[in-house]
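Keeping their order, the protein sequence lines are chains A and B. For the first sequence, counting from 1, position 48 maps to 48 in the UniProt record's numbering; every step adds exactly one. For the second sequence, counting from 1, position 3 maps to 3 in the UniProt record's numbering; every step adds exactly one.
Any given hint could be a false lead.
When chains are identical, the list treats them as one kind, so a pair holds in a single copy or across two.
[Said to hold, decoys possible] Pairs of lysine-lysine residues, derived as DSSO-like cross-links and limited to a Cα-Cα distance of at most 30 Å, are as follows:
(1) Lys-341 / Lys-100
(2) Lys-427 / Lys-411
(3) Lys-98 / Lys-341
(4) Lys-411 / Lys-53
(5) Lys-162 / Lys-411
(6) Lys-272 / Lys-301
(7) Lys-402 / Lys-427
(8) Lys-427 / Lys-272
(9) Lys-411 / Lys-301
(10) Lys-2 / Lys-301
(11) Lys-41 / Lys-341
(12) Lys-89 / Lys-402
(13) Lys-41 / Lys-301
(14) Lys-301 / Lys-341
(15) Lys-402 / Lys-98
(16) Lys-41 / Lys-53
To be clear, the hints were calculated from the coordinates, so they are not data collected in a lab. Keep in mind that this is a model prediction, so the values were computed, not measured.
Protein chains: 2
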Amino acid sequence: MKIVYGERDSILSSMAELREQATAVEKTAAEAVEAIVADVKARGDEAVREYTKRFDGVELESFRVGAEAVAQAVASVEADFLEALEAAKRNIVSYHEKQKRQGFMDGDGTGIIRGQLIRPLETVGVYVPGGTAAYPSSVLMNVLPAKIAGVGRIVMVTPPGKDGVNPYILAAAQIAGVDEIYSIGGAQAVAALAYGTASLPRVDKIVGPGNMYVALAKRAVFGAVNIDMIAGPSEIVVIADETGNPAYIAADLLSQAEHDVNASAIFITTSKELAEQVRAEVEQQLQALPRAEIAGASIEKNGLIVVVNSLEEAFDVSNEIAPEHLELHIPDPVMALGQIKHAGSIFLGPYAPEPLGDYFAGPNHVLPTSGTARFFSPLSVDDFVKKSSFLSYTREALEQVKNQITILAEKEGLSAHARAITIRFDK
Amino acid sequence: MKIVYGERDSILSSMAELREQATAVEKTAAEAVEAIVADVKARGDEAVREYTKRFDGVELESFRVGAEAVAQAVASVEADFLEALEAAKRNIVSYHEKQKRQGFMDGDGTGIIRGQLIRPLETVGVYVPGGTAAYPSSVLMNVLPAKIAGVGRIVMVTPPGKDGVNPYILAAAQIAGVDEIYSIGGAQAVAALAYGTASLPRVDKIVGPGNMYVALAKRAVFGAVNIDMIAGPSEIVVIADETGNPAYIAADLLSQAEHDVNASAIFITTSKELAEQVRAEVEQQLQALPRAEIAGASIEKNGLIVVVNSLEEAFDVSNEIAPEHLELHIPDPVMALGQIKHAGSIFLGPYAPEPLGDYFAGPNHVLPTSGTARFFSPLSVDDFVKKSSFLSYTREALEQVKNQITILAEKEGLSAHARAITIRFDK
Chain A
1 MKIVYGERDS ILSSMAELRE QATAVEKTAA EAVEAIVADV KARGDEAVRE
51 YTKRFDGVEL ESFRVGAEAV AQAVASVEAD FLEALEAAKR NIVSYHEKQK
101 RQGFMDGDGT GIIRGQLIRP LETVGVYVPG GTAAYPSSVL MNVLPAKIAG
151 VGRIVMVTPP GKDGVNPYIL AAAQIAGVDE IYSIGGAQAV AALAYGTASL
201 PRVDKIVGPG NMYVALAKRA VFGAVNIDMI AGPSEIVVIA DETGNPAYIA
251 ADLLSQAEHD VNASAIFITT SKELAEQVRA EVEQQLQALP RAEIAGASIE
301 KNGLIVVVNS LEEAFDVSNE IAPEHLELHI PDPVMALGQI KHAGSIFLGP
351 YAPEPLGDYF AGPNHVLPTS GTARFFSPLS VDDFVKKSSF LSYTREALEQ
401 VKNQITILAE KEGLSAHARA ITIRFDK
Chain B
1 MKIVYGERDS ILSSMAELRE QATAVEKTAA EAVEAIVADV KARGDEAVRE
51 YTKRFDGVEL ESFRVGAEAV AQAVASVEAD FLEALEAAKR NIVSYHEKQK
101 RQGFMDGDGT GIIRGQLIRP LETVGVYVPG GTAAYPSSVL MNVLPAKIAG
151 VGRIVMVTPP GKDGVNPYIL AAAQIAGVDE IYSIGGAQAV AALAYGTASL
201 PRVDKIVGPG NMYVALAKRA VFGAVNIDMI AGPSEIVVIA DETGNPAYIA
251 ADLLSQAEHD VNASAIFITT SKELAEQVRA EVEQQLQALP RAEIAGASIE
301 KNGLIVVVNS LEEAFDVSNE IAPEHLELHI PDPVMALGQI KHAGSIFLGP
351 YAPEPLGDYF AGPNHVLPTS GTARFFSPLS VDDFVKKSSF LSYTREALEQ
401 VKNQITILAE KEGLSAHARA ITIRFDK
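Given only the sequences and the hints, what does the whole structure look like? Please build it.
What follows is the structure, given as C-alpha cells:
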C-alpha cells in the first residue's frame, strides 16, 4: 500500500483517474443492452424467456417464485441467521421510520389554499443479484424503506440459478415483506419491470444493485420508470490522528477492499507512524483472508495512505473525494461533522466499523459511490414517495392578482395563458 | 376537438401512442450530442466557443455576463413587470419554505447514536432556453427553491442571441438571486456545467427546461452530475361535472395547447351537454389567439373530450393518464383529493386556472410530464439538498451485537467484514 505525503493535487487526480477508468462503459455493451430492452418491450415474456435461456442457461416455465418455494427456503435456513436478519430489520425499520414526512396545507385566511401531498409509489421493483454477489442484507436495505413509505406492491427479481433461487435471498425477501418474486435477471428483467409483460405487471421505480448490464438497462429505461442512483465503484476513506488503532483501521480498509478489485480503500492520517503501522497491518491481515486475492488486488491498485499535516487537511482531501463511506478515528468525532461536506455515510469513532452499517445498525447501505455524495443521497423513504402540489383560490383572491399574472403571461408571449385569467372577469 | 364516450381503453391507448411518438428520440441526435459532450469535456472553453459559433452564430470573447449588463437589462425593463415578478417571488418563496426539512439525531441511552444530515448542494446550474421560449417565470421556479435550500453558488446558462441575452431573463435572474450568468446554450452548455471548463467551474446538479439536444445532453451527463427529471410533452386534464363553466374550461385547455403542438389538452366530463359546449368554445376562442396556429394544431392532434358516466370514472381515467396538470371543476374539489392518485399539480375549483400556478401562486411549475407523475414529483427544495447518514456505537453496544453481524457477513462470504468486527474484541 503506497504512502504519499500531503500531495493534495496528485492524490485527487489519481482518484479522478481511477473513477474515470472504472465508469468507462463499453459502447458495445450499451448497444447490446438497448437491443435487449427494446426486444422485451416489444415481445414481452417470450423475449424474457429466450434471454434467460441464453444468458442464465435456464429454461423457465413460469418466472414467478411461488409461496411454497419461499416457505421451503425459509425452513432450510439456519435459525441464528434468521434471528440476525430479524434484529437487523428492527434497526433498519426504526432508523428509516424517522425519515417519514407529512405533506402540508396552508391557508392564510385570504381565500387561498396551497398544499403538498406526499404519497407512496404504487409499485416498486427491486433487483437482487444472484450468484456470488447474492446479498440478503441488500434485500432488507432496498425493500424496508419502500415498506415504510407505504408502497403497495413490491416486486423482487433475481437471476435463476441451476438450483433455483438462493434460499437466503428468499428468506430475506420473506422477512422484508416482498409481495412478488420472479426468478429473472439481467437487462431482460429490468426491461420487464419497466414495461411490463403478460406475467409481470410494470412497476413505477426500479432500485437495487447489479452488474454493468443491469446498470446500463436501468439507465436505458430511466424516464419510462424512475430508478435509483447510478452506482460506480465503491470506496472508504478512513481518517485518523495518532490515537487511531492500526489493527482496526487495517481491518476496516480490507473489509471494503474485499468487495471488488475496483473498490478503493484510502487512509488519511496526521501520523506518519500510524501510516507505517497501518500499512504493515494491512499486509499481515491480508494473508489470513479467504478473499485475499480480490482484497490484495484492490489494495494494490486503488489503496492509498495519505499523510497530511492537520485534520483540517484530512477533511479537505476527504471532501474532495466525497467518499461513499467515511470513518473518523479521532477524539470527539461528532464535532467533526461540522467539517465534513460530502460523504454518503459517516462512521464515528473506533467502534462503528463500516460492516456495522452494512448489515445492522439501521442507516441504509445503498449509498452514493464514486464521488456522487456531492449530489446523491443514501437510499431512503424519500425514494419511495412522490409529491403533488395543489392550489385553490376564491374569485376575489384571483381578481386581486389578475393584472400581475397577465403582465407576466403577455411578456412571455403566451396570450392564451393571460386569456384564461381575464375570461373569468369578463362582463 | 374529438368527443369520445367512455371508451376507457381506447382513450388510454391513444394517450400512450401519443407519448411514445413524442418521446421517440432520433438516434442520430443522441450520437451528435454525445460527441459534443465528449468534446467539451476534453477541450473545454475552446470547444464551447466553437459550438457557440456554429449553432448560435455568435462569436464570444467571454461567456460570462457581467454585472453591468445585468444592471442595464434590469433598468430597461418595465416597472410593472418587475413588480409582478417580485410578487410572484414572494409567493414562490412562502410556498417552498414549507418544504424545508431538518435532519435528525437519535440516541436511545444504550450507547448508540444514529442520525441523518440534510445539507444544501454546493453548486447548481440552471439552464434557461433562449429565443421564443425564453420564460422569466422559469428562472424564478428553478432558482428560488435552490436559494431556499441554501445552495451556495447558482449558475445560469442561456443561449446568446444576436443582441445579447433577453433582458427579461436577466431581470428575473437578478430578482431570483443567480450568482453567475453565462451566455452559452445547447449541449455544449450542459457539458460545460457538468465537467467544468477554465472559465466555468463545474456544478453538482443541472436543472431547467430545454429542447431535445439539451434533454439528451442532460441524460448523457447524468451520473457525473445529478439532473432534474427527463421532461416529455406537457399536458392538462380538466375534469368537470355539469356545473363546469364551458368558457373557463375551454380557455384553460387552450392555455396548455398554445405551448407546443405536442402538448395535450384533455377534458373529461360527466355531462354530454358541457362536452358539446366546451368543444364550441374551444373553436371560437381559438380564433382570437395570437398563437392560434400552434394551439389549433395541438388541439387537432392531441385534444380530446371524454364523456364518462360518473366522476369516479373520470378520476380513474385521469389516474391512468397521471397528468402534469389536473383541474377539477366540481363542487367540493378538496374532497376529491382523496381519489386522485397521480398528478403533478392539482388546481381546485373554477378560480384556480393553470396559469395562476404557472406564474404566480407559489407551487412550482416544473412538473412531471407524460405520465411520470406516477413516480416523479414537482421540483422542490428537496431537489437541492443531499443527505448523509451517521452512526456511533460504544464498545459495549458493538459487543452486544457482534455475533449477529458476523453471522450475516459470513453467510454472504465476506469474511473481512466479519473480521472488522471481531478484531475489536480479540484478546
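Structure-based check of all given hints:
1. Both within a single protomer and between protomers do Lys-341 and Lys-100 lie at most 30 Å apart by alpha-carbon distance, with minima of 24 Å and 19 Å respectively.
2. In this assembly of identical chains, the alpha carbons of Lys-427 and Lys-411 lie at most 30 Å apart only when taken from the same copy (25 Å versus 77 Å across copies).
3. Within a single copy, Lys-98 and Lys-341 get their C-alpha atoms as close as 22 Å, and across copies as close as 24 Å, so both meet the 30 Å cut-off.
4. When the C-alpha separation of Lys-411 and Lys-53 is checked against a cutoff of 30 Å, the pair qualifies only between copies, where the shortest distance is 28 Å, while the shortest distance within a copy is 60 Å.
5. For the homomeric pair Lys-162 and Lys-411, the shortest alpha-carbon distance between copies (20 Å) is at most 30 Å, but the shortest distance inside one copy (66 Å) is not.
6. Taking CA atoms no more than 30 Å apart as the test, Lys-272 paired with Lys-301 passes inside one copy only; the shortest distance there is 22 Å, against 72 Å between copies.
7. For the identical chains of this complex, Lys-402 and Lys-427 are intra-copy neighbours only, at 15 Å inside a copy versus 77 Å across copies, given an alpha-carbon limit of 30 Å.
8. Taking the shortest alpha-carbon separations for Lys-427 and Lys-272, only the inter-copy value of 26 Å comes in at or below 30 Å, while the best intra-copy value is 84 Å.
9. Taking the shortest alpha-carbon separations for Lys-411 and Lys-301, only the inter-copy value of 27 Å comes in at or below 30 Å, while the best intra-copy value is 58 Å.
10. Taking identical chains as interchangeable, the C-alpha atoms of Lys-2 and Lys-301 lie at most 30 Å apart only when both belong to the same chain, with a minimum of 10 Å there against 65 Å between chains.
11. Only between protomers do Lys-41 and Lys-341 lie at most 30 Å apart by alpha-carbon distance; the minimum there is 25 Å, versus 42 Å within a single protomer.
12. In this assembly of identical chains, Lys-89 and Lys-402 lie within 30 Å of each other by CA distance solely across copies; the values are 16 Å between and 54 Å within a copy.
13. For a Cα distance limit of 30 Å, the shortest separation of Lys-41 from Lys-301 across copies, 26 Å, qualifies, whereas the shortest one inside one copy, 40 Å, does not.
14. Within a single copy, Lys-301 and Lys-341 get their C-alpha atoms as close as 27 Å, which meets the 30 Å cut-off; across copies the closest is 50 Å, which misses it.
15. When the C-alpha separation of Lys-402 and Lys-98 is checked against a cutoff of 30 Å, the pair qualifies only between copies, where the shortest distance is 25 Å, while the shortest distance within a copy is 42 Å.
16. Taking CA atoms no more than 30 Å apart as the test, Lys-41 paired with Lys-53 passes inside one copy only; the shortest distance there is 18 Å, against 41 Å between copies.
In this structure, none of the earlier numbered hints is contradicted; all agree with it.
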